[in-house]
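Student: In case you want the letters, here they are:
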Amino acid sequence: MGQAEKYVEPALAAIIFVAVTLFFGILYPYHIYHQEQFQLFEWTAGYFLTVSSVPGGFADWVGRFLTQFFIFSWAGAAITGSLVTTIYLLVCRVARGKSPVSRILMIVPAAAFSVFLTDERALAGALVAVVLTLGAVCAARAIRNDKGRSVFVVAATPLFYWICGPVAVLLPLLEARDVHPAAFVCALALAVITPLASSCVLHYGLKSLMTGVHYFRYVTVVPVFLWIAVLITVIFCHLPDIRIKNGTIGTLLASACLIAVISIWVSTVRRTADFTKEELMAYDYMSRFQQWDDIVGKAGEKQPDRPISVSCLNLALSQTGRLPDEMFSFYQNGTAGLFPAFSRVFTTPLSTAEIFWHLGLINAAQHFTFEAQEAIPDFQKSGRCYRRLAQTNLVNGDYAVAGKYLNTLSHTLFYRNWALSTAKMLGDENAIAGHPLYGKLRILRCHEKDNWFKDTAVDSVLLDIAAEHPDCEPVREYILAWYLLDCNLDAFVKHFDSGRQSPAARAYQEAYLMYMLEHQLPIENTPPFVETATAERFRRFIKDVQKGQAQAFITRTYGDTYWYYALYRR
Amino acid sequence: MRKFLHTITVVSLLLSSCSQSLEDKVAKRYAGDCPIYPDYMNVTVPVNIAPLNFDYTMPEAEDAVTTFTGNGMSVTFKGPRIRWNAGKWRKILSASANGEINVRCSSPDTSWVLYVSADEIDYGLTYRLIEPGYELYSKMGIYQRELSSFRQTALIENTDVDGCINCHSFNRCSPSDLSLHVRGDHGATLLRKDGTMEAFNTATEHTAGLCVYPYWHPSGRFIAYSTNNTRQVFHTLPDKLVEVFDLSSDMLIYDTQTGNLIDDIIICQDGYWETFPAFSPDGKTLYFCRAAAKSIPDSLTSVRYDLCAVDFDPSTGAVGDSVRTIVAASASGHSISFPRPSFDGRYIMYTLSGYGQFSIWHHEADLWLYDIASGESRRLDEVNSGDTESYHNWSSTSRWFVFSSRRDDGLFTRPYFAHISESGVIGKPFLLPQKDPAHFYPNLYLSYNIPEFVTGEVKFNHVKAARLLNSEQRTPFK
Chain A
1 MGQAEKYVEP ALAAIIFVAV TLFFGILYPY HIYHQEQFQL FEWTAGYFLT
51 VSSVPGGFAD WVGRFLTQFF IFSWAGAAIT GSLVTTIYLL VCRVARGKSP
101 VSRILMIVPA AAFSVFLTDE RALAGALVAV VLTLGAVCAA RAIRNDKGRS
151 VFVVAATPLF YWICGPVAVL LPLLEARDVH PAAFVCALAL AVITPLASSC
201 VLHYGLKSLM TGVHYFRYVT VVPVFLWIAV LITVIFCHLP DIRIKNGTIG
251 TLLASACLIA VISIWVSTVR RTADFTKEEL MAYDYMSRFQ QWDDIVGKAG
301 EKQPDRPISV SCLNLALSQT GRLPDEMFSF YQNGTAGLFP AFSRVFTTPL
351 STAEIFWHLG LINAAQHFTF EAQEAIPDFQ KSGRCYRRLA QTNLVNGDYA
401 VAGKYLNTLS HTLFYRNWAL STAKMLGDEN AIAGHPLYGK LRILRCHEKD
451 NWFKDTAVDS VLLDIAAEHP DCEPVREYIL AWYLLDCNLD AFVKHFDSGR
501 QSPAARAYQE AYLMYMLEHQ LPIENTPPFV ETATAERFRR FIKDVQKGQA
551 QAFITRTYGD TYWYYALYRR
Chain B
1 MRKFLHTITV VSLLLSSCSQ SLEDKVAKRY AGDCPIYPDY MNVTVPVNIA
51 PLNFDYTMPE AEDAVTTFTG NGMSVTFKGP RIRWNAGKWR KILSASANGE
101 INVRCSSPDT SWVLYVSADE IDYGLTYRLI EPGYELYSKM GIYQRELSSF
151 RQTALIENTD VDGCINCHSF NRCSPSDLSL HVRGDHGATL LRKDGTMEAF
201 NTATEHTAGL CVYPYWHPSG RFIAYSTNNT RQVFHTLPDK LVEVFDLSSD
251 MLIYDTQTGN LIDDIIICQD GYWETFPAFS PDGKTLYFCR AAAKSIPDSL
301 TSVRYDLCAV DFDPSTGAVG DSVRTIVAAS ASGHSISFPR PSFDGRYIMY
351 TLSGYGQFSI WHHEADLWLY DIASGESRRL DEVNSGDTES YHNWSSTSRW
401 FVFSSRRDDG LFTRPYFAHI SESGVIGKPF LLPQKDPAHF YPNLYLSYNI
451 PEFVTGEVKF NHVKAARLLN SEQRTPFK
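Protein chains in written order, with the numbering used here: chain A, 1 to 570; chain B, 1 to 478.
One chain only, chain A, in its complex shape (with noise of 0.2 Å):
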């Protein structure tokens, strides 16, 4: 080997560590949050135990154990880009070719592995799991002895199918030349046999066994995209050395090479990442930070036009005190986008949950925290789940209760000071009353009127707050604004201060002129809070739809409007 070729494989590890960083640190962070805030990695025996029961569990465990340094983006980011570059690492290690260009091919199962965890399905144990098989395949390389090399892969086969679950069979596949072929059908047999074993004994189907129960989100789901990365690991490290001879064109072959390898890299991750979805989580994430500035400016540079997003926009601008004025310079889609419909996942109701609670509907934040976390597929729990519950309870002084997540979250690394700190107030009425939040929480949700709640009427249940506490701005704005995007103009003007002398909100002026217009009412007589020049411009737009002006028109002159959501996005 040249002096030059030693330096081939650190710095192609380099560069995967660096791409992979600065991907998932740069254009990826809010999935890196994503994964940490669905998993609650407990430092307890107990919690090892549980997890490890399972066949990968141990993988599992470790993976579980990085993902909760996701709670800081860049820490994640470096995590994901060392497990790639350690499978990188691996995988020259075990490949046939030591060449430079087989060391530059060797990219490719680093790489379709790196493709895997772009779907927020994917979970950092399927990686953990691939990287301690090819330790293993490593391991058994540095058995000298023919015989013991097979006996080693005999025996490791099953046992880490129980470490890491159904990747083991990487090692009999990765050993197949290195082993005696009867040691290496027995392996691959017992690769088999193994999860067909588990299955009698353990509650899982064995399609879940065979691909693996902790690898994915969802349990019953075949990662496919792991499983092509297998494959494609099993195939470039069995093909042949491949040799250029030295010189320029040797050079020139191999940074072609390169060039391609990192060109289809590139592409897939393109095509496999989901950017629709990272968006959603940074909306999601930046309401559950309440940093509603950051929401509003996002909202500014390219409108949000899902329910999850249009909502923490909406709880953004009431949060800041600009819903009624600001509200239709954004896309609006109907009352989903103040309370997005329930539905069975644990995404939507985890971030409506914000809302409830940021509002004083302290039960209804409790219920759709609680049915997020039920609704994690793979049947973990969460810190962001169990922080909240922990709130909610301690505003409603349940307090045992309150307690019992407390204490679980006092056995994790992030979440422990918090718990330990609100565990103080457990019981302790002057603290909580003292608290700015859950002091103001606790006076602003019901105490008095019972009412069944439905996520579809949530107007019913906010009038119930504003009829306790006429004063709380953000309950009378809710109440407002959904009347407004229900189109519901009788209702709106039932509960809207019309006997106000300055100028009311926009969108409450506009939608007055609406309903004077609905009901026949001269627009001359405008009330006082209705500033002249709005409805200047409202006999303007008037005049322009008449008229039949083109809808580009339209939307570029009035698309900030209450009478443009009411006549075209309704």
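By construction, these hints were calculated from the structure, which means they are not laboratory data.
Every value quoted in this text rests on a predicted model; they were computed, and no experiment measured them.
Treat the hints with care, since some could be wrong.
Stated by the list, open to error - Take a look, some chain A residues computed to stay more than 12 Å from chain B by CB distance:
#1 73
#2 362
#3 524
As the list claims (entries may be wrong) - Which stretches of chain B does chain A cover? Using the computed rule of at least three CB atoms under 8 Å from a CB of chain A, they are:
#4 137-144
#5 171-185
#6 227-241
Idealized CB from N, CA, C, for every residue including glycine.
The hints should help you fit chain B onto chain A, whose structure is shown.
Tutor: For chain B alone, coordinates are given in the frame of chain A:
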């Protein structure tokens, strides 16, 4: 590497030690005023129960010396955590059968008694474990627990079959015959009788829906089911969370011998909702709950169920022609659910709440006992708490009963056991023993649903059951 491992170890130790104080705080909260958790003070236990391990909840118990003395045998523990050796526990229990074990603690200075009944409890308990939630569910399953040890095994879990594994019922605590209801895409009623397992589609054109709450006829030939069109609503006030109710419900009886359904008009009356069927131990009476149908959800809080009965002829499967009201709870503004006749034919235990039939979400729900001979009902103050008591079942000997209670924290349901003597004296109930209860229960986010005794180990082939349930094959009810 060594340094890294050292760091990890130190961090782990730090975390576990720091969080210990919170765990203790939680355990103390669970214990309430009682100096030990679980509260095993002065409880009556069967001679064959698993060791009653417990923890002291106050800091001064660090140096506690606890001595158990029973019929000349004495066992001493030092420290706040009482963990029994299974052999010693069995010996002291056997020695004290029909007597008592005196417990004396030096610090805190306290003493109490464990009453040991010679009435053995059944082999085990089956139950569903599920988080007490709203509509969705995470991991759940039906489990059995050996009551003389801490061994718990899963019968079936929702990783075997994609669905909500629901009501399970054994015939008079027999571990062989079983009815199991699964909801969802793979919904079915799984019936195991005489060693044969079959998946049924229990919805028929002439019934209101799927069969939900089952109860076996003592002969094993019939199974009474209710068909419930169940819905949920959610409260906005903090003291209640969920309300589960029926839009309609009827009852029917399945004849396992002929495969026919008996849906007599008397148990499917218009204007009434019938639910929670239960046969008398002689098999000649069918008890159930019945309420006048109302507009839901507007009149939800005024739906009240009475305890009713109708004659049943086990030789023909014929249902009598008149319904008798046994306990008219609605007249006093209450509602009855889960009637369970004792197998000795003396009592019917039921849950009484303010309204509706899903009492687990009602903090006011209590257990009541109806004496069949005298026709009198009484509230079971010996076992009720300030929080929910709901589902209950009798042991095969009718000397023990198990009931669900939310007394620990107001949300997570736990199984408690109580003894009822020949003369009707009821002992103080005790919580299902665990190896490390002060750690186990505070960290358990699952509720024990539908606890039911079994007289022997349930042998259940979950692979076969999963294959049946996951297939499209369903035997229709006729």
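Student: All the hints need checking, so say for each whether the structure fits it.
Tutor: Now for the hints, and whether the structure bears them out:
The beta carbon of residue 73(A) sits about 22 Å from the closest Cβ of chain B, which is more than 12 Å, so the claim that it is off the interface holds. At the 12 Å boundary, the C-beta of residue 362(A) falls inside the reach of chain B, the nearest C-beta of that chain being 7 Å off. For residue 524(A), the shortest C-beta to C-beta distance to chain B comes to about 44 Å, beyond the 12 Å cut-off, and the non-interface label holds. Taking a C-beta to C-beta cut-off of 8 Å, the region 137-144 of chain B contributes 4 residues in contact with chain A, enough for the three needed, and the coverage statement holds.
Restraint check on the region 171-185 of chain B versus chain A: 0 residues with Cβ-Cβ distances below 8 Å, three needed, restraint violated. Here the region 227-241 of chain B counts 8 residues with a CB under 8 Å from a CB of chain A, which clears the bar of 3, and the coverage holds.
Hint compliance for this structure: hints 2, 5 are broken, all remaining hints hold.
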